[in-house]
Amino acid sequence: MANHIEFCAFWIGQALFGIDVMQVQEIVSAQRETPIPQSSPVIRGLINLRGQVVTVIDLRTCLNLPACTDDENAVYIVIRYGKERFCLRVDRMMGVLDDCLEMVERPNELNEKQDMPLIGRVYRHVHNLLLELNIEQVLAMAKG
Amino acid sequence: MDDQLDILKEFAAETRENLVEVEQSLVKLEENPSDLNLIGVIFRAVHTVKGTCGFFGLKALEKVTHTGENLLSALRDGRIQLTPPIATVLLELVDVIRQFMDRIEETGNESGVDCTDVTGKLAEIIATIPAPATSMPPKPVAPAIAAPAAVTNPPAPAAAKPQVTAPPQTPKTTIPPKVQAAPKVTQPPRAEPAPKVTAAPKSVAITAGPANLQVTEEAAHSKPHSTPPAAAPMHESEQTVRVSTGLLDQLITLVGELVLARNQIVLHLGNHPDPHVAPAVQRVSQIASELQETVMKTRMQPLSTVFGRFPRFVRDTAHMCKKEIEFVVDGEQTELDRNLIEAIKDPLTHIIRNCIDHGVEAPEVRESIGKPREGKISISAYHKGGFVNIEIADDGCGIDNEKIKAKAIKMGLLTPHQASQLSNREIQELIFLPGFSTASQVTNVSGRGVGMDVVRNKIEAIGGIVEFQSAQGEGTMFKLKIPLTLAIIPALIVQCCGESYAIPQGNLQELLLFRNPEESHDIEVIGNTYYHRQREHLLPLIYLSKILYPDSPQQPLNTPHHIAVLQAGDYAYGLVIEKAGDSQEIVVNPLDFLTKDNPIFTGTLIMGNGRAALILDPVGLAQVAHIAFDNTPQVQILTHEDLLSNDPRQRLLMFHSTLGGRMAIPLSAVARLEEIELSHIEYIGGQSVIQYRGTIMPVIDINHFLPERRESGRANQNAIDITQIEKVPMIVHAYGDNQIGLIVAQILDTVQDDPLVHCKPSRQGILYTFVHKGFVAECVDLRSIVEQVEPLFYSESSHGQSY
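Chains A and B, in that order, are what the protein sequence lines are. Numbering-wise, the first sequence is residues 1 to 144 according to this note's numbering. Numbering-wise, the second sequence is residues 145 to 947 according to this note's numbering.
Just chain A, with the same shape it has in the complex:
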């Protein structure tokens, strides 16, 4: 159990992603966001999270994927980032996983993908690969 990280795991398209649960404040179901004109395309908009206005980043756009046709299961993962917080919009939740094994070597198919910077380490969970999301990179996209 060398790498005992608990992941908050979620799906985007066919890929399973994970974020360290310690960074996650809560999960809330998606709602209609207020768009922010003249901002980065990955910023989906603003929501009212119990009286606080929070920015939502669309991970699908970050990963260059087309908008989801069926977003009934879409949720926001509210991330604590220092004193700030923001939401990541993902296709659907998988749950909290504590039995992921880090892979020493990156699978070849991953290296061909363009969205590499967004992916940190790669783990194996049962039959799936779990890609650790690099939050800093996501924020860099949102700010840029």
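Keep in mind that the hints were calculated from the coordinates and are not lab data. Do not rely on the hints blindly, as some may be mistaken.
[Said to hold, decoys possible] Now the stretches of chain A that chain B is said to cover, found in silico as 3 or more residues with beta-carbon under 8 Å:
hint, region
1, 37-51
2, 135-144
[To be verified] What the simulated footprint calls covered on chain B by chain A, stretch by stretch (three residues with Cβ under 8 Å from a Cβ of chain A suffice, anywhere in the stretch; the number is not a length):
hint, region
3, 392-406
4, 727-740
5, 746-760
Yeah, the Cβ is synthetic: ideal placement off N, Cα and C, and Gly gets one too.
Starting from the structure of chain A, add chain B where the hints point.
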């Protein structure tokens, strides 16, 4: 360890507050050196710091405060009189203690603060104090206590003197506190009981002298008669608690949310009446409102937190400028949102500094002109009309208009001719231009010309207003109007592309509705910019939808729409919006770290329906739309005279004259742009006229009034034969009710005038020439030409209506 840090931080915060009081008392004490109460306040505060240092092992701070305390006790005992140099050193001591507090708050320890300078200065003064032996006799205030101290503990008074010139003493470092303890006891009424008790046992433990123990006990006995001064602060501290601002902000957010939830319930109940729930909802509703009001009050702080710094500041600055100044503070209990208090600190300091340096004359000058030697600066604050008004007045020389004019001409902002036409008020407005300073010499204090523009910008950034009045020779008064709070502002809710946006009401001048598309003929296109004819001005227009979604198809001009006339800095423009809603009081949230760089929004809010929405930034919108021509504010032009005079930073309308040359006139002189057919021009009495909007208006071609420079016979290749054009552009220039049409070949664009590129006029009737985008253009002296046609065009008597 964390606990210790927390306690240290609390200590630092408390000390800071005490230091403000010390500063104020010191400045007051300078005027009234014999006020023992003031010395007592200072002494107590310094002593508390010193006493607390012992707990935390802050050796360096303890040492410097201890030396300061020695000086203070000499002052208190009347062994030395407070002189300005001594006050200066004591104020420096306050600064050093403050540095210690900064350091302690940051790192939790005191290392890195240099206090040798102050310690040295303090020691120097103390060395000049006459020996306590001679000054002891008048000291005993409470003989019953002082006597035993002197008798049973003979070494104590003896030791009191050598404490500064320490070397001959035994090398024990703990001696000084003990020495200090002895004289202190002789002044029980002013010494604070609590710290003394903590200090005394310490000295007992080390020196093990029974006499000292006895003194301490007696001091404790003396407490009952000496309580009054100490009791008041105790009482106060019981009524207030320290709460972190973060907690308060959270409370405010939660209450805001509660109010929104309440609104939803009330709305629901309105649609589905339920007599069982209604009374309870009504009560909840009322409580929520009161709760919100109360919580909002926690954001308020008295202005004394800023004003408290000023007496010291005035004193120091006055010394530096060699002025004598009486400083009067009034209304410091007036409350203001604490974020705003922070924001007005620098502007206020700057204004006061100006008053001292530029306003109040030197004492000799004042005497020579029959004013009291001492100048007076007053600062007062009061509530009025939803604003906090702060007035800063001096009785100095006032603002010398001639000096300002001369400077403005020298800086190339005005021509002498223009300067002579400006009203006094407009001249005084010039001091708000960036880089403007009339000080002939840059001093340490001011005169670098960074100042009043920054003051105005900062105050306007928080929705405030700066005004001033000045009478030459009598003084100047600055008036700041600051909104009570930034947290809640009135705003107009508008709709665009299906979303709601808020426009701060403070920026909104008026709202125009165009129900009828027919009225859209009031819109002009010049270059790429749309303009709306508003009375005799052309107002640049910004289409909100185009700014928000530049890629979306442009909205046709002929649908009903609103134009919100917005003031952004010194510029006004019209924001075209699809739909304007209500005006509401909105709770403003700042943008978060991901969105804060967005140029067109200033904040967010939560709408009544619970959705998040954005607040538009009128200045940012103008910048994005490129109509914020440049960042330098322009001199506000208010009179009709000024519509015609060539203000240095104005905008020009460029056009091709009928002979092909590029010409320009001030955009402010343009009332409308029309297109006419040449066949509609009629001639009466040698004057070409046209029927225009029910009146007869003269029409001229500027070229007919300008001397021809070309050699006769040489053909002008650029000339545009307007008779070949179906519809000829006409500029309508208006002054009051008078109108005149100018026939031109083509309207080109509007440009920002830049006095730096002006060249000398090419011929009569031209004010100056300039180069724009590689072409030479002439700026027409419209007034002289129009007066050739209608000599009375600009006369006041012909005004049909006043504005």
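For each hint, the structure was consulted:
| no. | hint | verdict |
| --- | --- | --- |
| 1 | 37-51 | holds (count 10) |
| 2 | 135-144 | holds (count 3) |
| 3 | 392-406 | holds (count 5) |
| 4 | 727-740 | holds (count 5) |
| 5 | 746-760 | holds (count 8) |
Hint compliance for this structure: no hint is broken.
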